[in-house]
Every structure is written in structure tokens, then in C-alpha cells.
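As they're listed, the protein sequences go chains A and B.
One point on numbering: in the working numbering, the residue at position 1 of the first sequence is 1, and numbering is uninterrupted.
One point on numbering: in the working numbering, the residue at position 66 of the second sequence is 66, and numbering is uninterrupted.
Hints were generated in silico from the structure; no laboratory data involved.
Worth double-checking, as some hints may not be accurate.
In silico BS3-like pairs for lysine-lysine, Cα to Cα no more than 25 Å straight-line [stated by the list, open to error]:
hint, chain 1, residue 1, chain 2, residue 2
1, B, K68, B, K78
2, A, K108, A, K42
3, A, K42, B, K78
4, B, K24, A, K45
5, A, K45, A, K79
6, A, K96, B, K78
7, A, K79, A, K108
8, B, K24, A, K96
9, A, K42, A, K96
10, B, K24, A, K79
11, A, K108, A, K45
12, B, K24, A, K42
13, A, K2, A, K45
14, B, K68, B, K24
15, A, K79, A, K42
16, B, K24, B, K78
17, A, K79, A, K2
18, A, K96, A, K45
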Amino acid sequence: RKEVEQDPGPFNVPEGATVAFNCTYSNSASQSFFWYRQDCRKEPKLLMSVYSSGNEDGRFTAQLNRASQYISLLIRDSKLSDSATYLCVVYTGGFKTIFGAGTRLFVKA
Amino acid sequence: DAGVIQSPRHEVTEMGQEVTLRCKPISGHDYLFWYRQTMMRGLELLIYFNNNVPIDDSGMPEDRFSAKMPNASFSTLKIQPSEPRDSAVYFCASSPGQGQPQHFGDGTRLSIL
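Okay, chain A solo, but in the shape it has when bound:
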């Protein structure tokens, strides 16, 4: 089992749709969680950190479920510009940060 797993997609959604991604992690002692966004041929960029109580940034909502060991990202009112690959990142402690393989999202007009 991979330490961090994501559905590779692609998710194809129309503009204005709501879409959600999940990411599971295997190490119950994992301490920090992040979502990154990577556009084609660009570097990964931090989208948002994920806090235990859940957090929201505009159209984006991130949640953490420690009992089931997953984090989620919800995108509301999808825009064409949201088309990208979304990477789940987990810090497990002891200098170890693991990037998921990413979920591809295509938002179409």
C-alpha cells in the first residue's frame, strides 16, 4: 500500500460544478497536511494547508479526517482556470514529507 494515495482521475466537470477529491494516508502519526496545485509544465504551488478543524479559502474547502486517515479538497463553482493537477502532501514526521501522485482536473466550458 502506498503511503499517500490519490485517485489519478481525470475528473472532467463543467464550469460551475462542485468537485471533491480525497487523499488517503497510511501513517496514523502523520502531522501536517497540504494541498498543492500543479499546472502543466509548471512547478507545484501550495494551494492550502489542511487543519484539523477544516478550513476554507474562497471556493476551496479542505478537511481532515484522522479517524479514517484521509484529507479532502472541495472546489465549488469550478472555473476553467481550476484545471490542473492537485497534489496531496503529508508530513509524517522525522523529516519525511510525501507527495501523492496527483489528481487531474479538467474544467470545461
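With chain A fixed as given, assemble chain B onto it according to the hints.
Here is chain B on its own, set in the frame of chain A:
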């Protein structure tokens, strides 16, 4: 604020040549990471440094790869001799501390002919 700066942005060279990639981390960041990304293998961690000291180089594919960090503001990743299978995008990232988000440079697109 300046982000992570990598050079060159693109490198095309023939197999057998030495390749040197450079990285300047964000000032004040104690951690520096080198990654390689390909379509087949995704994003792979090669090595990382803490306070200029290599902590984990288990991701370095083989002895042809080496990395140094002579001071807090500069790191190199060297491939000698280079091979076509080394073709990839190489990213450098830095972070201020353990468990903190990493900030990536623009990457170096390396093509070995």
C-alpha cells in the same frame, strides 16, 4: 520576496556530458530539497538538506548523481556522466522548518540526447 531560484531553466546536452543544476533557496529557509519529475514516475525526492547538511540521499538514483550545499544560499545537483534516461524536470524546493510547506523553484528542464 524572491522565491526559490533555479538555473538554468532549460538544458540540452549530449549523453556523457556533465550537467550541473543550481538552486538558491528562499532566505531563512533551513531545508532544501531536490526533486525529479517525469510522466512515468511522477515527483521523486532525490535528496534533502537541513542547515546545509545532507539528511537523506536515499532517493539519488545512482553514483552518477551528487548534490552539495556549500552554504545556506546555494546548492548544486550534478550528473556525471549524463544519460538519456536522466531527462526530466528537476525541481528545487525550500521550507522554513519541519512540517512546513515547501516552496518550489520554476524547475530545470533537462534533455539528454
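Do the hints match the structure? See the list:
The straight-line distance between the Cα atoms of B:K68 and B:K78 is roughly 9 Å, inside the 25 Å bound, and the hint therefore holds. Only pairs whose Cα atoms come within 25 Å are accepted, and A:K108 paired with A:K42 is accepted, the gap being roughly 20 Å. Restraint check for A:K42 and B:K78: the C-alpha separation of about 22 Å stays at or below 25 Å, so the hint holds. Between B:K24 and A:K45 the CA atoms are separated by roughly 17 Å; this keeps the pair inside 25 Å, and the hint holds.
As the CA atoms of A:K45 and A:K79 are separated by approximately 18 Å, the hinted pair is consistent with the 25 Å bound. Between the alpha carbons of A:K96 and B:K78 the distance comes to roughly 23 Å, so the proposed pair stays at or under 25 Å and holds. Of the pairs offered as hints, the one joining A:K79 and A:K108 holds, with about 8 Å between alpha carbons and a cut-off of 25 Å not exceeded. Restraint check for B:K24 and A:K96: satisfied, since their Cα atoms lie roughly 22 Å apart, inside the 25 Å limit.
With a CA separation close to 24 Å, the supplied pair A:K42 and A:K96 stays within the 25 Å bound. With a CA separation close to 34 Å, the supplied pair B:K24 and A:K79 exceeds the 25 Å bound. As the CA atoms of A:K108 and A:K45 are separated by approximately 22 Å, the hinted pair is consistent with the 25 Å bound. Annotation: proposed proximity of B:K24 to A:K42 holds, straight-line Cα distance about 18 Å (limit 25 Å).
Straight-line distance between C-alpha atoms of A:K2 and A:K45 comes to about 23 Å, which keeps the hinted pair within the 25 Å bound. Annotation: proposed proximity of B:K68 to B:K24 holds, straight-line Cα distance about 12 Å (limit 25 Å). Simply put, A:K79 and A:K42 have alpha-carbon atoms about 19 Å apart, close enough for the 25 Å limit, and the pair holds. A C-alpha spacing of about 15 Å is found between B:K24 and B:K78, which places the hinted pair at or below 25 Å, so the restraint holds.
This hinted pair does not check out: A:K79 and A:K2 have alpha carbons roughly 31 Å apart, beyond 25 Å. With a C-alpha separation of about 19 Å, the suggested pairing of A:K96 with A:K45 holds against the 25 Å cut-off.
When held up to the earlier numbered hints, the structure conflicts with 10 and 17 and fits the remainder.
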